[in-house]
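S.K.: Sequence:
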Amino acid sequence: MSLPDIWSRRKRLASGVQDVFQYESIPPKLRHQTLFIFADLQKAIGSNSDIASGVCEIMREELGVLTLGRGYPQNTLEELYNWFSDPAQSSTDEALDAIELYLRMTYYSAHRMYDAIVINCDSIVSRLNARFKEAGVGYQFIDQWVVKTANEFIHEGAVVPALNLLSKSRFATANDEFRKAFDEFRAGSYADCLVDCCKALESVLKVIGGERGWEIKETDPASKLIAAAFTHKFIPDYMQTQFGALRTMLESSVPTTRNKQGGHGAGNQANDIPEHLAAFQLHQTASILVFLGACDR
Numbered sequence: 001m002s003l004p005d006i007w008s009r010r011k012r013l014a015s016g017v018q019d020v021f022q023y024e025s026i027p028p029k030l031r032h033q034t035l036f037i038f039a040d041l042q043k044a045i046g047s048n049s050d051i052a053s054g055v056c057e058i059m060r061e062e063l064g065v066l067t068l069g070r071g072y073p074q075n076t077l078e079e080l081y082n083w084f085s086d087p088a089q090s091s092t093d094e095a096l097d098a099i100e101l102y103l104r105m106t107y108y109s110a111h112r113m114y115d116a117i118v119i120n121c122d123s124i125v126s127r128l129n130a131r132f133k134e135a136g137v138g139y140q141f142i143d144q145w146v147v148k149t150a151n152e153f154i155h156e157g158a159v160v161p162a163l164n165l166l167s168k169s170r171f172a173t174a175n176d177e178f179r180k181a182f183d184e185f186r187a188g189s190y191a192d193c194l195v196d197c198c199k200a201l202e203s204v205l206k207v208i209g210g211e212r213g214w215e216i217k218e219t220d221p222a223s224k225l226i227a228a229a230f231t232h233k234f235i236p237d238y239m240q241t242q243f244g245a246l247r248t249m250l251e252s253s254v255p256t257t258r259n260k261q262g263g264h265g266a267g268n269q270a271n272d273i274p275e276h277l278a279a280f281q282l283h284q285t286a287s288i289l290v291f292l293g294a295c296d297r
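When we follow my numbering, the leftmost residue of the sequence shown carries the number 1, and every step to the right adds one.
Hints are computed from structural coordinates only; laboratory data are not their basis. Because the structure is a prediction, the values reported are computed rather than measured. Please note: incorrect hints may appear among the correct ones.
[Said to hold, decoys possible] Only pairs whose alpha carbons sit at most 20 Å apart, straight line, appear in this in silico SDA-like list of lysine to any residue:
(1) LYS233 <-> LEU292
(2) LYS148 <-> LYS206
(3) LYS133 <-> VAL160
(4) LYS133 <-> LYS224
(5) LYS148 <-> LYS224
(6) LYS206 <-> GLU184
(7) LYS148 <-> ASP192
(8) LYS148 <-> VAL160
(9) LYS29 <-> LEU96
(10) LYS168 <-> ASP296
(11) LYS217 <-> GLY188
(12) LYS180 <-> SER169
(13) LYS148 <-> ASP183
(14) LYS148 <-> LEU163
Sequences and hints are given; from them, build the entire structure.
M.R.: Now the structure itself:
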C-alpha cells in the first residue's frame with residue numbers, strides 16, 4: 001500500500017538517497033505511527049474485542065511487571081500506548097513483541113467475522129509495513145509474524161513468496177521450520193537457523209515427492225531427496241550443480257551428526273556461524289523454496 005503523496009515524501013524520493021535498514025531501534029515517530037495503525041485495526045474489528053487489554057495482559061506476564069511502563073494509566077489502552085510510545089520504557093524487541101501480539105489478536109477476531117474485515121486488516125498492515133520501510137527499520141509483518149529484512153529486493157522477491165508458498169496446509173511442517181529459522185536468526189542462534197533451513201527444505205521435498213510417488217523415506221536426508229528430484233526429472237539436469245552447492249552448504253555449515261530421528265549426541269558441538277552466513281543461507285533457502293514451488297505447479 002502506498003503512503004500519501006505529500007511534498008516531504010516526494011522530496012526525499014527525488015533526492016535519490018536510500019536509507020539502509022537498521023534493526024537496533026524503532027524511533028518515536030514510527031512508534032506513534034504504529035499506534036495510529038493500532039487504532040485503525042481496532043476500528044476495523046469493532047469494539048467487541050479489546051485488543052489492547054489482551055496485549056497488556058501477555059506483556060505484563062512476559063516482563064514480570066504489574067503495570068507496563070511508568071505512571072498511573074487510567075485504562076489498558078493508555079497503559080499500552082504510554083509504554084509502547086517511549087523507547088526508554090519499551091525496548092525494540094518488546095515493541096516488536098507487542099506489534100506481533102496485536103496483529104495476531106486482531107486477525108483472530110477478524111477471521112471470526114467477514115472476509116471483508118480481513119481484507120481491510122490486510123490493507124492496514126500493508127500501511128504499517130510501508131511505514132517501517134520508509135523509516136529504514138528492517139522489519140516487516142508477514143502473516144502476523146515479525147520478519148527481519150536483510151535486503152528489500154531479496155525480501156520481496158524470495159522471502160514473501162516463500163512464506164506464501166508455505167502457508168498452504170500441505171506444507172505446514174515446513175512452514176513451522178522456516179519460521180523457526182527466522183526466529184533463531186533474530187535471536188542470534190545462527191547454527192540452529194541453518195539446521196531449520198535444512199529441515200524446511202527437506203520437508204518441502206518430502207511433501208512433493210510423496211505426492212508424486214518418488215521412492216523416498218521419511219528419514220531420508222536432503223541429499224537423497226534432492227537426488228530423487230533429479231532422478232524423477234522434477235529438477236532439470238542443468239540445475240544439479242547449483243543444488244549440489246546448496247545441499248553442501250546446508251549440511252556442512254553445521255557439522256553435527258544427526259541420527260535418523262534428528263537427535264544430537266551430547267558431545268556434538270556446532271561451530272560458530274557468522275551472522276552474514278546465516279542471513280545468506282536463510283535467503284538462499286527462501287529462493288530455493290520458491291523455485292521448488294514453481295516446479296510443482
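S.K.: Looking back at the numbered hints, which does the structure fail to meet, lowest number first?
M.R.: 2, 4, 5, 6 and 11
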